[in-house]
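*Asks:* Each chain, letter by letter, is given below.
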Amino acid sequence: MTTQLRTPVCKVLILATLSGGYRGADAAGQSHLEYPSNSYILPVRTAAMFPPSFYLNAFQQGIDGIIVMYSGTDSPYKGESERTAKIINQTYVLMKERALDPRRLRLAAICTVCVRPFLNEIQKMNALLEEIGPAPRGLPTALIVQAQSAS
Amino acid sequence: MPDPTAESQTAAAGKINASSPAGAPRIGVYVCECGGNIGETVRCEQVANALGKLANVTIARHYQFMCSDPGQKLITDDITEKGVNRVVVGACSLFLHEQTFRKTVERAGLNPYLYYHIGLREQDSWVHHECPADATAKAIRMMSAGIAKARLMQPLAPVHLDADQRVLVIGGGVAGLRAALSIARRGLPVTLIEKSHFLGGHVAQWEHLFPTDEDAAALLEGLIEEVIAESKITIYTGAEVVSTKGYVGNFDIRIRVQPRGVAKDFAAVDQAIAACPVQVPDEFNFGLTQRKAIYQPYVGCYPASPVIDREHCTRCNECLRVGQNGGIRLDEPPVEIDLKVGAVVVATGFRPYEPFAGEMGYGEFPEVITLPQLERLLATNDRLEWNARPVRRLAMIHCVGSRQIEGMHAPQPDGKVNDYCSRVCCTATLSAANRIHTRFPNVTIYDVYQDIRTYGRGHEDYYVRACKNGVTFLRHLPEEIPEVIRSEKGAEYPLLVKVKDRLTWGEEIELPVDLVVLSVGIMPSPISDLVDMLKIAPGNDRFLLEVHPKLRPVETAVAGVVLAGTAQGPMTVQESCAAAEAAATKVAVLLSRGKVELEPYVAQVDPERCQGVGECVCVCPQEGAIHLETRIENGKMLRRAVVTAANCNGCGVCVSVCPSRAIDVQGWRLDGFEAMVEAITAETPALEGVA
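Chains as they are written, first to last, in the numbering used here: chain A, 60 to 210; chain B, 7 to 697.
These are computed hints drawn from the structure, not numbers from a lab.
In this text, all values refer to a predicted model and were calculated from it rather than measured experimentally.
From the three backbone atoms N, C-alpha and C, an ideal C-beta is built for every residue, glycine too.
Hints are not guaranteed to be accurate.
Claimed, not checked - The list that follows gives simulated cross-link-like pairs (lysine-lysine, DSBU-like), each with its CA atoms no further than 35 Å apart:
no., chain 1, residue 1, chain 2, residue 2
1, A, 183, B, 556
2, A, 145, B, 556
3, A, 145, B, 422
4, B, 251, A, 145
5, A, 183, B, 422
Stated by the list, open to error - Here's a subset of chain B near chain A, in silico, CB distances under 8 Å, partners left out:
no., residue
6, 125
7, 134
8, 141
9, 144
10, 457
11, 543
12, 545
13, 562
14, 671
15, 672
16, 676
17, 677
18, 680
19, 686
Using the sequences and the hints, build the whole thing.
*Replies:* Quick look at the structure:
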């Protein structure tokens, strides 16, 4: 795996479900596979609980790329997959309205042993951030409030 | 022994009631060096020093092994002596030691949910060896995020419910029988329902079971005898679930039992069967033979009394004429029975893959059959003949209906191909090949395969034996599917199998044969109604999903519903029985005390914020988990969402749609995540001095 080891300026937030992505991240760690240290992995119960405003707020606060790593259609929670996809699609619309490149937010199905796909996702996000740079900040509060009510 | 820890901040003096979260958070932060696993990359002392400067951090330490007894004692001492009321540990994976530290804080009198775990080893030191400074800075941010969450944590209590101890086992195959017996022997009453009118499932159709070559009929007979002798087991055949309500410990389940149509003591069985004019393909023999509309699938079946197949019975009354009065009851209606059970074991089994018409000649040439059909052919005949001709050459083709490739294979009605390996068919095929060789040594056997996956203990012996028995193996690439065609008129053998054989470097070989056997894969039984009723989730391969394949291998995300056997994926009989035992243990542990304890991770509504919009109710996938209630407050009629904790699995879908942020999942609150993001992105003074 080719990895970019110097510390990138941008920050990547990874929301990783306990039944999927978080275990994939652990598996990568157990294999001692290096990846850039700008990735911060938060364990989540399901990916379906985050409204679009959460993502917009995160970009606003200083996150430059977000990867949602869940179990996809293999989620043990009925309806998680469809609901998460819907929320992410809603968020894309709101991101475009706010001049945020939608590619900053990725939804990826990562299983418990998906080490390579896990690393690929991080690499792809970092390559993108290298190309487009940090997320623009300074979103008017009104737009965040609007996003909250839209979600 | 000198204190090996480094205190970065002096703890506040005096004791505070540790069990009470009241007042400002007093957070104890512990950075584990994990021997050198973390400490050789992350400068743990520097991390602890930095974190000690953060608000609400009462004490920040680093230590060689936090999971060791002395390490845990540091935490308990800080709770009791320094008034720490929230604990954050950065160590190895949370899957390894989160529970360890929860118990540690609980021992010291603190609520175990006032603990937060950060995986510094797997997600920092082990993946950033090359950059210790970056790893150290990341550790500070990760731990800061944990501290930010800890500030907002509230004590939680598990949900306790009274539980009915009866267990419903759905499926009377080997897994269901095994599970029912095992549960009953642990003292819990069991209701076992089987959709067909006979117990035994597919095992009743096999002659021998690998890897022990055990007599399948004897094994099944013994198991059924034990089940029917067990007074705690109530059996309903011809029964299926029609509705479910409730939650773990308290499921209300209605089953519908189809009548057999034949009295238990009916004596003129043979005469009635002989009199029936109806002929339909016998599913027990996979359509190789015909049966009547009144039938018994096989000698020694249980229950022994025959059944009337209402779908095909023409009501000609011929059977009534030979039967004793009242022995046959064609108009008996189905009966519905309400059950109250504490847990459900889903053991609904599998069905063999049915090839499409024309797939490798199946349905097109009568000389193409499936492996299950071959098994019945061998079980019911002393000679190996097909279409009244002796079988001299036989080709067995693996992976039919398994490991399919999108675009190359026809999809199932749901649009998906079966891209999974059915696991058991390689050994099953080799087992059949060896038995044919033993019984009919003059038959030439070709085995056409992609890969031989004899994965289990003793399975490889079948391959070795097949090689010694002279079975000829031909190997093809997945995308070079063998072709089955009709031989030219007058040819000695009716079929030709064309294979591009990788074992002879791509030679195109034609095998003239009498019979082609398709080693078909396994698919889950069609149980979509049951899946919807129980709110359990099938995977991408349509088999039912467990919470985690290794750590919670038989539990579903719905508390109280567990899986046993091939409903969960392809398994051997041996594996099905092991899964059934696991399921039985799980429900016995759950229900044995007449009470169940559930994790507190369920949705919680803030009634002050809730506006009664009801979006949460609309999107909730769990029936009965959330509803709207109307109440009168200060003369105003208000609608508020109310969660039934026992029905909620904490999926959090409701959280994402609430316009007033009035609902959250306890322990996984949205504001906690927001605080963590803020900590990760903050220009924190904690990072000063870190390169």
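*Asks:* Can residue 543 of chain B be said to touch chain A, with a Cβ gap under 8 Å?
*Replies:* Check passed: Cβ of residue 543 of chain B comes within 5 Å of chain A, closer than 8 Å.
*Asks:* Hint check: is the beta carbon of residue 686 of chain B less than 8 Å from a beta carbon of chain A?
*Replies:* Constraint on residue 686 of chain B satisfied, holds at 5 Å.
*Asks:* Residue 183 of chain A and residue 556 of chain B: Cα distance at most 35 Å?
*Replies:* Given pair residue 183 of chain A, residue 556 of chain B holds - Cα atoms ~30 Å apart, limit 35 Å.
*Asks:* So, as I understand it, the hint says residue 671 of chain B touches chain A; can you test that by seeing if any CB pair is closer than 8 Å?
*Replies:* Status holds, d = 6 Å.
*Asks:* Given residue 141 of chain B was flagged as interface, is its beta-carbon under 8 Å from a beta-carbon of chain A?
*Replies:* 6 Å, holds
*Asks:* Need the status of pair residue 251 of chain B, residue 145 of chain A: alpha-carbon distance at most 35 Å?
*Replies:* The given pair, whose Cα atoms are some 28 Å apart, holds under the 35 Å limit.
*Asks:* Does residue 144 of chain B meet its interface restraint, that is, does its C-beta lie within less than 8 Å of any C-beta in chain A?
*Replies:* 5 Å, holds
*Asks:* Quick check on the hint: residue 125 of chain B CB to chain A CB, less than 8 Å?
*Replies:* 7 Å, holds
*Asks:* Under 8 Å is the threshold here; is the Cβ of residue 680 of chain B close enough to any Cβ of chain A for the hint to stand?
*Replies:* 7 Å, holds
*Asks:* For the pair supplied as a hint, residue 145 of chain A and residue 422 of chain B, is the alpha-carbon distance within the 35 Å limit?
*Replies:* 22 Å, holds
*Asks:* Is the shortest C-beta separation between residue 677 of chain B and chain A less than 8 Å?
*Replies:* 10 Å, violated
*Asks:* For the hint on residue 457 of chain B, does the least C-beta distance to chain A fall short of 8 Å?
*Replies:* The hint is violated - residue 457 of chain B has no Cβ within 8 Å of chain A, the shortest such distance being about 20 Å.
Against the hints set out earlier in the document, violations occur for numbers 10, 15 and 17.
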